[in-house]
Amino acid sequence: MIPEAGHFALILALTMALAQAGFALCGAWRGRVRWMQVADSAVTGQLFFVTVAFGVLAWSFYSNDFSVAYVAENSNSHLPWFYRLAAVWGAHEGSLLLWVLILCVWTMAVELFSSELPEAFRARVLGVMGIVSAAFLLFMLATSNPFTRLFPAPMEGRDLNPLLQDFGLIAHPPMLYMGYVGFSVAFSFAVAALLGGRLDAAWARWSRPWTLAAWTFLTVGIAMGSWWAYYELGWGGWWFWDPVENASFMPWLAGTALIHSLAVTEKRGVLKSWTVLLAIFAFSLSLLGTFIVRSGVLNSVHAFATDPQRGVFVLVLLALVVGGSLAVYAWRAPLIRSRGRFDLLSRETMLLFNNAMLAVAAVTVLLGTLYPLIVDAMGLGKISVGSPYYNMVFVPIMVPLLVLAGIGPMVRWKVQGAGALARKLRAALLASGVAAVVALWWIVNTSPEAVLGLTLAVWIAWTSLQGVFERLRHKSRPVRALRQIPRGFWGMTLAHLGIAVFVAGVTVVSTFGVKSDLRMAPGDSFDAAGYTWRFGGVHPVEGPNYTAQEGSVTVLRDSTVVARLRPQKRTYLVQRNPTTEAGIEAGVFRDLYVSLGERLPGDGAWSLRVQYKPLVRWIWFGALMMAVGGALGATDPRYRKLLARERAAADGRGEVTV
Amino acid sequence: MWLVGLIVLGVGASVALTVSAFRRNMMFFYSPTQVARGEAPVGYPFRLGGLVGNGTVKRGQQGLAVRFAITDGRQSIPVTYKGLLPDLFREGQGVVVRGNLSPSGVLNASEVLAKHDAKYMPPEVQDALKKGGAISNPHAGETVGAR
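Protein chains in written order, with this note's numbering: chain X, 20 to 677; chain V, 1245 to 1391.
None of these hints come from the bench; they were simulated from the model.
Backbone N, C-alpha and C fix where the C-beta goes; we use that ideal spot for every residue, glycine too.
Heads up, none of these hints are tricks.
Taking lysine to aspartate or glutamate and the EDC-like style, the derived pairs with C-alpha atoms no more than 16 angstroms apart in a straight line are:
(1) Lys1326/V to Asp536/X
(2) Lys534/X to Glu1355/V
(3) Lys1302/V to Glu617/X
Label pairs and their calculated CB-CB ranges:
(4) Leu440/X to Ala1257/V: 19 to 29 angstroms
(5) Thr1300/V to Val581/X: 40 to 50 angstroms
(6) Ile1251/V to Pro563/X: 56 to 66 angstroms
(7) Ile1251/V to Lys660/X: 33 to 43 angstroms
(8) Glu561/X to Ala1257/V: 55 to 65 angstroms
Chain X with its partners taken away, still in its complex shape (with noise of 0.2 angstroms):
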């Protein structure tokens, strides 16, 4: 009974969405406050029913109830029951319901912070929630449909895919859909202000910090995918450009364009139309990466769902929500005007670049994505581009964004004076010079991107801490200046310097990464990066649902013991999938890191691939960095203190403001 009473929920919540959309638009549209009210506790009594709902399939899974068949897809009584807890979202139906749980989550969150906001405007917000919600319920009870039973039950379940046993899977998909979920509060403030007819500076003020902490999320989620990608699939790459990491890093790159752009339509009210398209974009590329990742139209090695039935239905929800929300556009597009003027050196110009360039490195991502399945679709063959193509394509776009980041926040809003720009950027200007001659002197036969990465590291350094220095420059007192300084900017400044972190990591790794496949014997030994890598042989152990080959690799530099590394190779009981497990030695400046490949005839020899990874932890620290600095800019006390003024000044004149 109890998986019928989560079907039953889902039903209600369904019915829930429904009366929070139509009574949360009809009444701002019609200016009827009882309807809106109606929507708020709609808001609260689908949040209430979605989390019954997910409360009951997590207890599906504690409790071992194979005759849920998501439950005996997924999960095995010899499961730890942590991992059962996670594979609630481990395949489509559960991560549906954990997408549809997180919007609920965050609608419920406007409902609670946006009580400043004005009435019809916030109630016009949770109605475009309230479709999109019901949508996606709607999918889930049409075609996906987490509580089917299965007669007769199994006795045993089928296990959860051995790769997704891991504190990676536990908490990556819940923050990457965090991410995902969360642009749809940007869409929606942005398809509630088109519906509304009022696009200023005020509207791109109130989506800010929702903005920048699903942009904070889904940082988080993709450096951790990254993260987990590197130690779990055994290969010691950070990133493959594989279509479902794609699918995730659309909606980034497009999130990373609208925090800018919104930066200008706030401050300066210009570039409004290009604000409310790349909010629209920006969730429209999220459904399109719950799209890739859970049809199963890809061939890649995270689409674990393949049912095109599903397929279709979300190619019609994006078809729908692209295109409902293109037509809002068309219809009120008219009412959009942008004032306010700048120069060619400002600011504003700066900000445009950068999203052209963001815009731009979305688009190839999208082609390399989808290009190959539209030709497949369309029976022309089966090609496929790899990461040379990205490669490629995305150097020449990074280069010059990563320039003008170290610039446009030197620069004034409206306009800039070539020389005082100038005059403010030499010192950076000579201490990347100085960066690029040492690169070159210490890398005596690099290539040359090594010495631009580097380069452009400092640059972005140097110039974001010089922003700070210019901030207390001419201030009497300075620690007491320090402490005025907005937390927005420290949250930009720290964003920066992550990216000039997250540039030297991927350099280095790049250039001066060691990796040998190697054909060793117990007590062979090999040299490489400085170190002795020395194999001692293989012996079984045993582990709660798996058995395993455990290598012991002895790392000496200097003759000294610097790490003992245990690389296996797990059989897991049910699935019988071998996998391989890395054996890491982690640290600041350098990873240690040797995987076990199969036995050799002959010997006792074993094939192991031996890594040495320079600042690789680099790469999701200056992740983690910019994920940091977009949650400081999301708490700025500013906008909530800008809110509350407004609203004192609408109530001061005695008007409504809609």
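Model the placement of chain V on the given structure of chain X, informed by the hints.
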């Protein structure tokens, strides 16, 4: 206006760059039958997929060189590779390899991919197998691919 012009110019340049990079790095997929018929390019990398032929995997006594054959039930193409093979690589398993065809008809692979789920068959491989006849019952192919 100059601003618009500048952006159009920049975007145009990036599009040109993207398209040319796309063209140069586009990689085609061939089945063993197509390669045997001489449809695959010589000296230009492409991807080949099928099943690892039973009894064809031969490891060298030294180093990590390995030879095997990829088959679709009708034709079989010999492949050489040096390095670590993926976890799910074994005889009878569907794989995709990337590499260059030598004039003698041996594929020198630079990458071997086996999918991470034993029940999952890369769609290209499944297609090639159906055409080659290794899967006679079309529904058998679906159960392999469905997950």
